[in-house]
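Colleague: Here's the letter readout for the chains.
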Amino acid sequence: MMDFKTAAITAMACWFAGTLMDLFARRTLALKLPAFALSFAGSMVIVWFIASYWIVLDRPPLRTLGETRLWYAALIPLVGFLVEYRWKISWLKYYCMALASFFLGINMLHPEVFDKTLMPALQSPWFVPHVVVYLVGYVLLAASSVAALHNVSLQLRSKSNETGESVAHYLALLGFVFLSFGLIFGALWAKEAWGHYWTWDPKETWAFLSWLAYLGYLHAWRYKIDQAKLQWYLALSFLVLLVCWFGVNYLPSAQNSVHTYTQS
Amino acid sequence: MRTSLMGSVQRRWFQVPWEFRESALFTIIVVFAGFVLQYSGAGRGVIVPPLPYNAIILLLFAVLTLGIGLSFKDNPTVKWFGGIPLGLCLIIAIALLSLIGGVVPQDGFMEGSLADVLGISRIFSSWPFALTVLFFLANLGIALSWKLVPFSINNIQFILFHAGFWIALSCGTFGAVDLQRLVIPVEEGQSNNLGYTMGSGKSEELPFSVFLKDFALEEYPPQLFLYNPHTENIIVDGSRAAVQVHKGLKTSWKGLAVEVLEYLPSALPGKYDEPVVADRAFGIPFAKVRITALSKSHEAWLSTGSPMLRPSVVDLGGFFLMMMPGQPKSFLSSVSVTSEDGHQKNALLEVNKPVEFMGWKLYQMGYDEKAGRWSKLSLIEAIRDPWLPIVYLGFFMIMAGNMLFFWNGIKQKGGE
Ligand code: HEM
Numbered sequence: 001m002m003d004f005k006t007a008a009i010t011a012m013a014c015w016f017a018g019t020l021m022d023l024f025a026r027r028t029l030a031l032k033l034p035a036f037a038l039s040f041a042g043s044m045v046i047v048w049f050i051a052s053y054w055i056v057l058d059r060p061p062l063r064t065l066g067e068t069r070l071w072y073a074a075l076i077p078l079v080g081f082l083v084e085y086r087w088k089i090s091w092l093k094y095y096c097m098a099l100a101s102f103f104l105g106i107n108m109l110h111p112e113v114f115d116k117t118l119m120p121a122l123q124s125p126w127f128v129p130h131v132v133v134y135l136v137g138y139v140l141l142a143a144s145s146v147a148a149l150h151n152v153s154l155q156l157r158s159k160s161n162e163t164g165e166s167v168a169h170y171l172a173l174l175g176f177v178f179l180s181f182g183l184i185f186g187a188l189w190a191k192e193a194w195g196h197y198w199t200w201d202p203k204e205t206w207a208f209l210s211w212l213a214y215l216g217y218l219h220a221w222r223y224k225i226d227q228a229k230l231q232w233y234l235a236l237s238f239l240v241l242l243v244c245w246f247g248v249n250y251l252p253s254a255q256n257s258v259h260t261y262t263q264s
Numbered sequence: 001m002r003t004s005l006m007g008s009v010q011r012r013w014f015q016v017p018w019e020f021r022e023s024a025l026f027t028i029i030v031v032f033a034g035f036v037l038q039y040s041g042a043g044r045g046v047i048v049p050p051l052p053y054n055a056i057i058l059l060l061f062a063v064l065t066l067g068i069g070l071s072f073k074d075n076p077t078v079k080w081f082g083g084i085p086l087g088l089c090l091i092i093a094i095a096l097l098s099l100i101g102g103v104v105p106q107d108g109f110m111e112g113s114l115a116d117v118l119g120i121s122r123i124f125s126s127w128p129f130a131l132t133v134l135f136f137l138a139n140l141g142i143a144l145s146w147k148l149v150p151f152s153i154n155n156i157q158f159i160l161f162h163a164g165f166w167i168a169l170s171c172g173t174f175g176a177v178d179l180q181r182l183v184i185p186v187e188e189g190q191s192n193n194l195g196y197t198m199g200s201g202k203s204e205e206l207p208f209s210v211f212l213k214d215f216a217l218e219e220y221p222p223q224l225f226l227y228n229p230h231t232e233n234i235i236v237d238g239s240r241a242a243v244q245v246h247k248g249l250k251t252s253w254k255g256l257a258v259e260v261l262e263y264l265p266s267a268l269p270g271k272y273d274e275p276v277v278a279d280r281a282f283g284i285p286f287a288k289v290r291i292t293a294l295s296k297s298h299e300a301w302l303s304t305g306s307p308m309l310r311p312s313v314v315d316l317g318g319f320f321l322m323m324m325p326g327q328p329k330s331f332l333s334s335v336s337v338t339s340e341d342g343h344q345k346n347a348l349l350e351v352n353k354p355v356e357f358m359g360w361k362l363y364q365m366g367y368d369e370k371a372g373r374w375s376k377l378s379l380i381e382a383i384r385d386p387w388l389p390i391v392y393l394g395f396f397m398i399m400a401g402n403m404l405f406f407w408n409g410i411k412q413k414g415g416e
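Chains as they are written, first to last, in the numbering used here: chain A, 1 to 264; chain B, 1 to 416.
Same shape as in the complex, but just chain A (with noise of 0.2 Å):
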């Protein structure tokens, strides 16, 4: 297996120069699909790491907090480069290979105890549709704030921006739809697993917090309340995915939780 330090700066070398040569690709079209090509490479190591550490260890490696962030460094800047596909907006990939680098750097600096074992509840075909319907969520609402904060950012310097608003209008609304799925998803398994769908266990309710924030989100929205304002909301709305994430474990209420990812 590769080891993670090598899997990392490889990935994150392949995105800062990616970004360098995208930079110059504003000068020089013909290096555009290099760029992007490098940047991509980045995140396939970190694909490949996935792939052989899952391997390895007999299990999806979702189980703890450091093995979910490999999987958002995978696919965040994917996010980046889909929006840049299909919106011709090319800044987000930017700061989503940021925030993968970051999180590849937590990882390095928290090396984790890596181990196979598995506890009975989460032996079941339900772990891994429910967490992976979850990270993709937090993914697109990750982007989602990144896009609303660059736009704060160019309506205090007094710029309009109607494309960037609804691109973290869209990446919120499919946020959603992932959150909604990943919630029920939750109570489904908890039904199977614990005996009862719902317990206001404070994972689940903060889970339920998170998603009450982009509901209220989407009805301010259908309501036609200020597109600019909402942006402010949007950026800060990650927030509390960020508690419900891994905030959740420091907090007095979650003592108890069957929730809290394993510590190690």
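It should be emphasised that the hints constitute simulated quantities derived from the structure, not laboratory data. Since the structure is predicted, the reported quantities are computational estimates derived from the model, not experimental observations. Incorrect hints may have been included.
[Said to hold, decoys possible] Subject to a maximum C-alpha distance of 27 Å in a straight line, what follows is the list of computed DSS-like cross-link-like pairs (lysine-lysine):
#  : chain 1 : residue 1 : chain 2 : residue 2
1  : A       : 224       : A       : 88
2  : B       : 250       : B       : 329
3  : B       : 213       : B       : 345
4  : A       : 116       : B       : 250
5  : B       : 202       : B       : 370
6  : B       : 288       : B       : 247
7  : A       : 116       : B       : 370
8  : A       : 224       : B       : 73
9  : B       : 329       : B       : 370
10 : A       : 5         : B       : 254
11 : B       : 271       : B       : 288
12 : B       : 376       : B       : 353
13 : B       : 329       : B       : 247
14 : B       : 147       : A       : 224
15 : A       : 32        : A       : 88
16 : B       : 250       : A       : 5
17 : B       : 353       : A       : 116
18 : A       : 116       : B       : 254
19 : B       : 353       : B       : 329
20 : B       : 79        : A       : 224
21 : B       : 247       : A       : 116
22 : B       : 376       : B       : 361
23 : B       : 147       : B       : 79
24 : B       : 288       : A       : 116
25 : B       : 296       : B       : 250
26 : B       : 213       : B       : 353
27 : A       : 116       : B       : 329
28 : B       : 202       : B       : 361
29 : A       : 229       : B       : 79
Guided by the hints, dock chain B with the ligand onto chain A, whose structure is given.
Modeller: Positioned in the frame of chain A, the structure of chain B with the ligand alone reads:
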């Protein structure tokens, strides 16, 4: 043109059409009234009557909501009552109350403390939460009535989302009293028909009894540890991997190399320190290791120990090389369940694989963790939730709406 929050600044209070200010005021009054009710009931919380009364109340509530929505479609107050501004304010109120529940521990408070009396330590069964949810359902129900009648297929996405959520939320909350969860402890070779409520410990007779034929627990392979008894720390090596024992395993800690020469998953101590292979029912894992430190090596047997047997460890002068039993991989109970009228069913209960019996679901819940693999006790949970099918109906409607939303979201943007 975009109308904005600011657009309402010119309006006087309560000038029609009502918007956010009136909605916020109303929501604050609802939450406040909830806290007053909670306080005056000395923190007792909401009590919903069981079936069939809760179903009747809910049905009346639904008819009333839809009736008001449809009969007073053009009344400005009703229009406001079923509108997005009030919906948003109520969503924020539910979010803030849930936030309390997400931060403050939801048990273990002192009886009679202020947090208890205000329902903060039991927020999800408190009056403020219940009242807010009730008005949320009324608001949502009225919005729904307008899209339901006259029915149009164009509204199907809206209906699936909003009706699905209405059904899941109302039936989940009104039906919570009818949920029964009882823990049945059974020893191997015995049967039991008494279930205990978690927390209160009250026992209740079940309409069936559970006979435990066998409880079995499978473990992951044991793990090797280097243990420092002074700091009570486990020392991890460079790769930071938890070391699972298997034959041929080579691992090292600073200046110390360990190789597993032989691994017996199940054995008993024999003569001359050599373990002998034994049946899984009695045996424990043994591993023969070669330890090399400072270019000297020696061999020794390690074992995990059991309630009857002391573990064998290797003393390395201040440190211990130990083998710990693996984490539980699976545990299951082979049971036979018999109803009062003689109906019988054999079943294997396993985590994540509950079994249905006479409207109850039986779950493998736990065992005697001190005894681990040798536990003769199995804890089985029996759960009955008559409202489950209708709550699930709501879930599936939301998921169907979600799929349409996903699809239309793409189409919408693709068309622009
Ligand atoms: C508080 C009560 C609620 C009210 C008053 C309300 C009202 C509305 C209204 C009027 C619309 C615009 C529909 C249209 O333009 O055709 C809407 C859209 C939407 N609502 Fe709600 N809603 C509420 C709660 C909810 C809940 C709980 C959910 C989630 C299960 C939800 C999910 C949606 C979605 C996804 C949309 C956008 C998609 C669509 O237009 O169908 N709403 N809502």
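Colleague: A separate judgement is required for each hint: does it hold in the structure or not?
Modeller: Status of each hint after checking the structure:
Proximity of residue 224 of chain A to residue 88 of chain A is assessed by CA-CA distance (about 26 Å); at most 27 Å being required, the pair is judged to hold. The hinted pair formed by residue 250 of chain B and residue 329 of chain B meets the criterion: a straight-line CA distance of about 24 Å does not exceed 27 Å. Only pairs whose Cα atoms come within 27 Å are accepted, and residue 213 of chain B paired with residue 345 of chain B is accepted, the gap being roughly 12 Å. For a cut-off of 27 Å, the pair hint linking residue 116 of chain A to residue 250 of chain B stands: about 17 Å separates their Cα positions.
The suggested pairing of residue 202 of chain B with residue 370 of chain B holds, with an alpha-carbon distance near 24 Å, which does not exceed 27 Å. About 9 Å separates the Cα atoms of residue 288 of chain B and residue 247 of chain B, which keeps this hinted pair within 27 Å; it holds. Taken as a hint, the residue 116 of chain A and residue 370 of chain B pair is honoured in the structure, with Cα atoms around 23 Å apart against an allowance of 27 Å. For the hint linking residue 224 of chain A to residue 73 of chain B, the alpha-carbon distance of about 22 Å falls within 27 Å, and the restraint holds.
Restraint check for residue 329 of chain B and residue 370 of chain B: the C-alpha separation of about 16 Å stays at or below 27 Å, so the hint holds. Restraint check for residue 5 of chain A and residue 254 of chain B: the C-alpha separation of about 21 Å stays at or below 27 Å, so the hint holds. Pair hint residue 271 of chain B plus residue 288 of chain B holds up; C-alpha atoms about 15 Å apart against a cutoff of 27 Å. Proximity of residue 376 of chain B to residue 353 of chain B is assessed by CA-CA distance (about 20 Å); at most 27 Å being required, the pair is judged to hold.
About 20 Å separates the Cα atoms of residue 329 of chain B and residue 247 of chain B, which keeps this hinted pair within 27 Å; it holds. For the hint linking residue 147 of chain B to residue 224 of chain A, the alpha-carbon distance of about 19 Å falls within 27 Å, and the restraint holds. A threshold of 27 Å between alpha carbons decides the hint, and for residue 32 of chain A with residue 88 of chain A the separation of about 13 Å falls inside it, so the pair holds. The suggested pairing of residue 250 of chain B with residue 5 of chain A holds, with an alpha-carbon distance near 22 Å, which does not exceed 27 Å.
Taking the CA atoms of residue 353 of chain B and residue 116 of chain A, the gap is about 22 Å. The hint holds against a cut of 27 Å. For the suggested pair residue 116 of chain A and residue 254 of chain B, the alpha carbons sit about 23 Å apart, so the restraint of at most 27 Å is met. Of the pairs offered as hints, the one joining residue 353 of chain B and residue 329 of chain B holds, with about 14 Å between alpha carbons and a cut-off of 27 Å not exceeded. At roughly 17 Å between alpha-carbon atoms, residue 79 of chain B and residue 224 of chain A fall within 27 Å of each other, so this suggested pair holds.
Straight-line distance between C-alpha atoms of residue 247 of chain B and residue 116 of chain A comes to about 17 Å, which keeps the hinted pair within the 27 Å bound. With a C-alpha separation of about 22 Å, the suggested pairing of residue 376 of chain B with residue 361 of chain B holds against the 27 Å cut-off. Restraint check for residue 147 of chain B and residue 79 of chain B: the C-alpha separation of about 13 Å stays at or below 27 Å, so the hint holds. Restraint check: the Cα-Cα separation between residue 288 of chain B and residue 116 of chain A comes to about 22 Å, which is no more than 27 Å; the hinted pair holds.
For a cut-off of 27 Å, the pair hint linking residue 296 of chain B to residue 250 of chain B stands: about 16 Å separates their Cα positions. The straight-line distance between the Cα atoms of residue 213 of chain B and residue 353 of chain B is roughly 18 Å, inside the 27 Å bound, and the hint therefore holds. With a C-alpha separation of about 11 Å, the suggested pair residue 116 of chain A and residue 329 of chain B falls inside the 27 Å cut-off, and the hint holds. Under the criterion of a C-alpha separation no larger than 27 Å, the hint pairing residue 202 of chain B with residue 361 of chain B is consistent with the structure, at around 20 Å.
Pair hint residue 229 of chain A plus residue 79 of chain B holds up; C-alpha atoms about 26 Å apart against a cutoff of 27 Å.
Of the numbered hints stated above, none is contradicted by the structure.
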